[in-house]
Structure formats: C-alpha cells, structure tokens
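Asks: Please build the complex by placing chain C on the supplied structure of chain P, with the hints as guidance.
Listed in order, the protein sequences are those of chains P and C.
For the first sequence, the UniProt record's numbering begins at 1 and goes up steadily by one.
For the second sequence, the UniProt record's numbering begins at 1 and goes up steadily by one.
Simulated from the structure, these hints should not be mistaken for lab results.
Incorrect hints may have been included.
Derived lysine-lysine pairs resembling DSSO-like cross-links, with alpha carbons at most 27 Å apart [claimed, not checked]:
(1) Lys165/P x Lys159/C
(2) Lys159/C x Lys212/P
(3) Lys89/P x Lys118/C
(4) Lys65/P x Lys118/C
Computed list of chain C residues with no C-beta within reach of chain P, every gap over 10 Å [unchecked claim]:
(5) Leu18
(6) His69
(7) Leu129
(8) Ser157
(9) Leu184
Where a beta carbon is used, it is the ideal one built from N, C-alpha and C, also for glycine.
These are the residues of each chain, in order.
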Amino acid sequence: MWRDAEQALTLIWLLSWTAHGVCHSPPGRPRLTRCRSPEKETFTCWWEPGSTGGLPTSYQLYYRKESSLEVFECPDYHKAGNNSCYFDKQHTSIWILYNITVVASNALGKAYSESVEVDVMDIVQPHPPENVNLTFMQTTNSPYFLVQWQPPHDADTRSGWVTIKYEVRLKIENSGDEEDSSWESYSAGKQLEFSIYSPQPGACYIVQVRCKLDHGLWSEWSPSSFIQIPDNMLDTQNAVMIIAITLTVIIFLLTAGALTVKMKPVKHFLLPPVPEPKISGLNTQLLKSGKSEEIFSALITPGYPQIVQSSDRQVEYLVVSDYDEEMDFEGKAHLEYQKGENHPTDNTQKGSQNSIKISLNSSQDLNTTLSENVHSGAVSNQLSVLGEPQQLLHLKCKGSPVKAQDRNTQMSSGSNCEHVSINPAGLTEYVEVDEDQKPLVREDYSMVSDVISDNILVLQDSIPVQGHKEVKCDKTSEAEETGGVFEPLGYLETLTTFSSES
Amino acid sequence: MSLTLCSPTLCLYFSLSLGLSLWAVAVLLVALLCLDPHSRVSSAPICTHGPSGCHVPSLADLFDRVIQHSARMHSLSNDLHSEFEQYFLPSKNSIGKIYRKCHTSSILTPNGKENAQKLAREELTEVILKLLMAWRDPLFQLHQSMAHQQDFNSFSSNKALEMGDMTHELRKGVEKVAEKMRVLGMLGNSVTGLSPAETMLPISDSGEAMSNYELLYCFRRDSNKVQNYLKILKCRIIPEHDC
Numbered sequence: 001m002w003r004d005a006e007q008a009l010t011l012i013w014l015l016s017w018t019a020h021g022v023c024h025s026p027p028g029r030p031r032l033t034r035c036r037s038p039e040k041e042t043f044t045c046w047w048e049p050g051s052t053g054g055l056p057t058s059y060q061l062y063y064r065k066e067s068s069l070e071v072f073e074c075p076d077y078h079k080a081g082n083n084s085c086y087f088d089k090q091h092t093s094i095w096i097l098y099n100i101t102v103v104a105s106n107a108l109g110k111a112y113s114e115s116v117e118v119d120v121m122d123i124v125q126p127h128p129p130e131n132v133n134l135t136f137m138q139t140t141n142s143p144y145f146l147v148q149w150q151p152p153h154d155a156d157t158r159s160g161w162v163t164i165k166y167e168v169r170l171k172i173e174n175s176g177d178e179e180d181s182s183w184e185s186y187s188a189g190k191q192l193e194f195s196i197y198s199p200q201p202g203a204c205y206i207v208q209v210r211c212k213l214d215h216g217l218w219s220e221w222s223p224s225s226f227i228q229i230p231d232n233m234l235d236t237q238n239a240v241m242i243i244a245i246t247l248t249v250i251i252f253l254l255t256a257g258a259l260t261v262k263m264k265p266v267k268h269f270l271l272p273p274v275p276e277p278k279i280s281g282l283n284t285q286l287l288k289s290g291k292s293e294e295i296f297s298a299l300i301t302p303g304y305p306q307i308v309q310s311s312d313r314q315v316e317y318l319v320v321s322d323y324d325e326e327m328d329f330e331g332k333a334h335l336e337y338q339k340g341e342n343h344p345t346d347n348t349q350k351g352s353q354n355s356i357k358i359s360l361n362s363s364q365d366l367n368t369t370l371s372e373n374v375h376s377g378a379v380s381n382q383l384s385v386l387g388e389p390q391q392l393l394h395l396k397c398k399g400s401p402v403k404a405q406d407r408n409t410q411m412s413s414g415s416n417c418e419h420v421s422i423n424p425a426g427l428t429e430y431v432e433v434d435e436d437q438k439p440l441v442r443e444d445y446s447m448v449s450d451v452i453s454d455n456i457l458v459l460q461d462s463i464p465v466q467g468h469k470e471v472k473c474d475k476t477s478e479a480e481e482t483g484g485v486f487e488p489l490g491y492l493e494t495l496t497t498f499s500s501e502s
Numbered sequence: 001m002s003l004t005l006c007s008p009t010l011c012l013y014f015s016l017s018l019g020l021s022l023w024a025v026a027v028l029l030v031a032l033l034c035l036d037p038h039s040r041v042s043s044a045p046i047c048t049h050g051p052s053g054c055h056v057p058s059l060a061d062l063f064d065r066v067i068q069h070s071a072r073m074h075s076l077s078n079d080l081h082s083e084f085e086q087y088f089l090p091s092k093n094s095i096g097k098i099y100r101k102c103h104t105s106s107i108l109t110p111n112g113k114e115n116a117q118k119l120a121r122e123e124l125t126e127v128i129l130k131l132l133m134a135w136r137d138p139l140f141q142l143h144q145s146m147a148h149q150q151d152f153n154s155f156s157s158n159k160a161l162e163m164g165d166m167t168h169e170l171r172k173g174v175e176k177v178a179e180k181m182r183v184l185g186m187l188g189n190s191v192t193g194l195s196p197a198e199t200m201l202p203i204s205d206s207g208e209a210m211s212n213y214e215l216l217y218c219f220r221r222d223s224n225k226v227q228n229y230l231k232i233l234k235c236r237i238i239p240e241h242d243c
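Isolated chain P, as found in the complex (with noise of 0.2 Å):
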C-alpha cells in the first residue's frame, strides 16, 4: 500500500513538474539571417537565435577568412544591437570569403548554426540618402520644384572607392481618394539634385530617394518629404492670350456661318449641293401640283410595261400573254382592265375585283384596239385606261374564238370572237376580267373555294356566266381545271398561257 502511494506520489511529483512547462533542454539551433555592408569597409551580421531550452543562452560568432584555419571571434556584439556581430574596419578585408558561424550554448549543451561563407563585395547596401529637400521654383513659362540631398554620411565617394547612384521617386498624395496614385521612378545618376517639371498645381507631392553603390543592393527609401504646390500657377498673360485667341476663332465661325445662310455663292463653296437621286421622266412638279395622270402618262414608255401593283388597291389582274409568232402585235398596247376604285361595287375587300389594264403605248385609238383584242364577251368591266374612268366599250369579237386560260376560270369568248393575241414582247401581263353585274362574293363567304393571294378569292358560283359556259379550251383546262364546273368570272388568276386557238 505504501509502495502505491510512493508512486502515486512519484507520478504526481513528475506530472507537476511537466505540468509547469519547465522542460530544460540544450538550446535550439540559431541561424544567421543577414550580413550587409553599407559602405565596403565595415559589415554587419545578424542571427536569430532558436529555442532557449529554458536555460539562459549566450550566442557566439565565430568566423575564418578564406586563407587559413584561424578561427576568430566576433569582435563587437553590441554595436548593431542584440543578435548581432559587428566587424569594424580592422577586422574587415574585401575579396575574402568569410565562413561565419553562430554557437548557442547553456548549461545543458551547444547547438552550432549552418556556416554562411560571405564576401564583402556581395552584401554592400548603403544607408539611404539623407537631408532630402524640396523646393518649388516658380519662373514664368516652366514651373519646377527642385529636389535636392545629401549622400548617406559612411560612403566615400571622393576616394573613388564607391561610386554611388541616386534614384529618385514621387507620387501625388491623394487624401480621400480610393485609388492610390502609383510612384514614379527617375534616375538621377551621380547628382546630388533633381528637378521635376511641370508639377500639377495644387497638388502635394510625396518624394524619396534612395542610392546604390556600384553593383551592390538598393538601400532603403529615404523618409518621405512633401511639397504643397500652390494652385494657380496661371500667367495673366497667357490667360489673355488664351481668351483672345477663343473669341477670335468663335466670331470666324458666326460669320462663316451668317455668309453661308446668306449668300449662295458661299454656301456652294463650303457645302457644295449634293446631286439627288432622279427618275428621268418624272417631274417633281406634277406630283405637287396633285395631277396624278399626268404623271402616270409621263412615265409610261413605250415597250415597257408598267406593271403597277398595289394592295391597297385590291386590284387583281390577269395575266395575259401571247406565244403566236402569226400574231405580231408588237407595238400593241396591252389591254388591262383595271377597275380600281371606279368600280364601287360590293365586291368585298377581297378580291374580287378583276380589271384588265390597258397600257397605250401609241396613239392608237382605243377602240380600235380593243376591237383587235378579244376579251370574254362579257366584259362589262368599266375601263379604266391610265386611272381615267372610261365608258364600258363592248367589244366586238371577231374571227377565231380566243381562249384565254386560267386555272380556275375558264374564259373564253365568244366564238365568233377573234383570236386576241397580246404580244408584249414576251411580257406576260396581268389581266383581270371581271363581271361586276353579280355581287361576288355574299356576305357569308359561302362561295369561297379557295384563296389565292392576299387579294384573290376563288369563287364556286352557280351563277352562269354569259358566254362561258359552252367553251371549253381543250389544252390546258383539263390541268388547270379546279373542281368546280365552271367557274364563275371575277376571280383573279394569273394567267399563263394564252394559247391561240386553232
């Protein structure tokens, strides 16, 4: 039982004192962190030390030149401060390598950091430039601020042992601003001054400097130095100047401008008139003056069809050609019915209006021409030759019946009719016919069998329809042939083909 409680109290001892963390220990390696000489006469190296083992450490620098196997020590600790070994002028040779070492002991043991082999000429970095001043030069046409310092008070350039080199930064100081102006960099050689021009009125600069020797590292920046530069650096000259010029320049261009309106001759120079699209023929004037028809007439030419097509017109045509090479009737006009608006029937909106246009290319008397065109006798349309609403002529057919060939229609004249034959130089033509005695189509769209266009409705009427009803055309009627017997007129089909009869 005893033997328990001793080691009960045994454990307990041992956990106590783990429990207080007081674990001694030898110390933890050091190692040296940096080595720098700012003037290449003197250097410095620093170590940091690692665990101390909870013993009291003390640190020890030891070095050997390249040469011999001399071991050295440190010979100043306290000047660079704590962890430091500072080796003065003495003690200092260039173009030898140093092979450094850092020995941490305490009671319990040593601990040696990794050797560091160092020359001198590989960690020259000199202090930074100092008593940096700025100062803003007003002069009339270039303002500048000169920048002015002093070389770091260790470096020695009048032997020529350094050669040192400036450089100097700025940037405008942005109070409030989010974005941060970056630094502009400038080097300034040798010099011990700098000037920058052209300094943004009422801006305040931010200015260092730091300096270099030979090919060694950059020092540090040089504490910041600022400089107010006053806002209105403005010449009253040149603002006078400056006014003068703009008002001069503003009373040119009104009066440019005043002779241009004014003067023709002037408005020709500088804005020369542009030439505008015209179609010959076609005089501007007659549209103003309101006399359709007579524009209409100007611009038919002879041998070109004028095939006018409009939908709010609802005007539908037939096609009309003629492949006869007996019938030339080149030069003839083409007859189109057209029956527009002159016709006010109830014929819906839709289509049913046929019209046969009739395009005079010549003098030639209509009826006269009319009479060599063969139509469906029926025609009792109003034509309406070139928009002018004419009396009903009724043709006279003769000769050859004529067979004019639709899909849905069969139209066909009379057979004493004479064989019509367009020949529009090969122009197939739109040709409408139409019976505008019967309403053609009824209110409730019964008849309507089929619709073409957005203009044409084919009716299924049971009306007969004069003159049409015995004449078959053999060729094409079959093919073409819609269901219905016959179709009543008034629907406006394309006419393909013409053939000739016999």
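Replies: Then chain C, alone, in the frame of chain P:
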C-alpha cells in the same frame, strides 16, 4: 452625276497638298545639293607620335575610357557567374562551398580601402597589370571549354570570348595610361613591367585544372579588384575630375 471633276473644297485641298509636297521635295533637293556631304564625314586620324592637328586624349580621358572598360568587363563576368549559379548550382550559400584558391591569389593585392590607398601609384599600376596579364590565357581556355561543351548556349560562350578580348584590350589601355603617366612624370621608373617568365596557369593545389565555375568566380572577383584599383588610382592622380 455631277459633271465636274471635284467639288470646290475637294479641289482646294488637293491643290494645297500638292503644293506642300512639291515644296517639301524642293527643300530636300536644295538641302542635298547645297550641303556638302563630305564636310560632315570626319574621320579622326590615328596619332602615333602626336603630330600637330591631331586630337591627343588627355590623361583624364584615358582614365575614363579605361574605367568604363573595366566596368563593362566586370558586369560581363557578373552575368556569366550568375548564369552559372542559376543553372548549375541551384543551392546558394550551402555548406561545402569551399573554393579552391584562385591562381591569382599569389599576387598580393590590397583587400581594403586603406591598404589600397597606402600602396604607391607604381605598385598599384603594377598590380593591375599583373592581374590582367594573369588572366589572358585562362580566359581563352575558358572560352574554348565553354564552346565545346553542349550545356552552354552560344550566348554564354560569346560572352566568354568577349570577356577575353576585353581583358586584352584593357591591359593595353592600362599600359598606355602608365606610359602617359610616365611621360607626365607622375610615375617613377620603378615599374618594371611583367617578366615573361611569370606565366601563371590556373592550377590549384591538388594539381587539377580548375572548373569553369571556379574560373568564373575568381575572374569576377579579380575584375572587381581591377575596377576598384583603377578608380582609386584615378582619384588619387586627378582628384578634381568626378571624384
């Protein structure tokens, strides 16, 4: 379509540009004809014994030229050395980086500012010349070995060649400076010149030839020495000029 060739404004611009171009051509012709091209080409005659009318460089100019030369040489060696370190020895400052002696370590060189300033001018000049002479053959060997090895690109071996040429030129330049100084009475006659028997081969203690990296390291150090000594010499002899 308009029947005219161009509108009035267009014609105006056209004629203006034509006139300007003609004028420019005319000015060019006049310049070419009137200015004597031969008068602008000036070749500097080579002065061997300083005849009159020849521009003789002053000692300051010579020093400047020589110092620039040495700066260029040192920067070349610096570049080559860091290239080597980057590609062949990635671990820097590691243990075991113990160099063999450079073959020029037998030449006593001042390794501090005061030591260099204590040396007499003649001795300093002699040290410089000795250093430059000692590197003539090793640099040639270095270029040869670099050119033969496949590891180096042609850029590096060209640098090595340039370095060798530059060392040769620099030595000639320093000899000229010494000659000038002797003429001006600044140097005593104690400068003996280099004895031809002093040929140094870059052989280390163990007898093996030094590697390329070691050669580069040693040359980098020696070129820095030469540059520094020349600057000290110049500021001692001509203190007012840029010191």
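Asks: Which of the listed hints are not met by the structure?
Replies: Structure breaks no hint.
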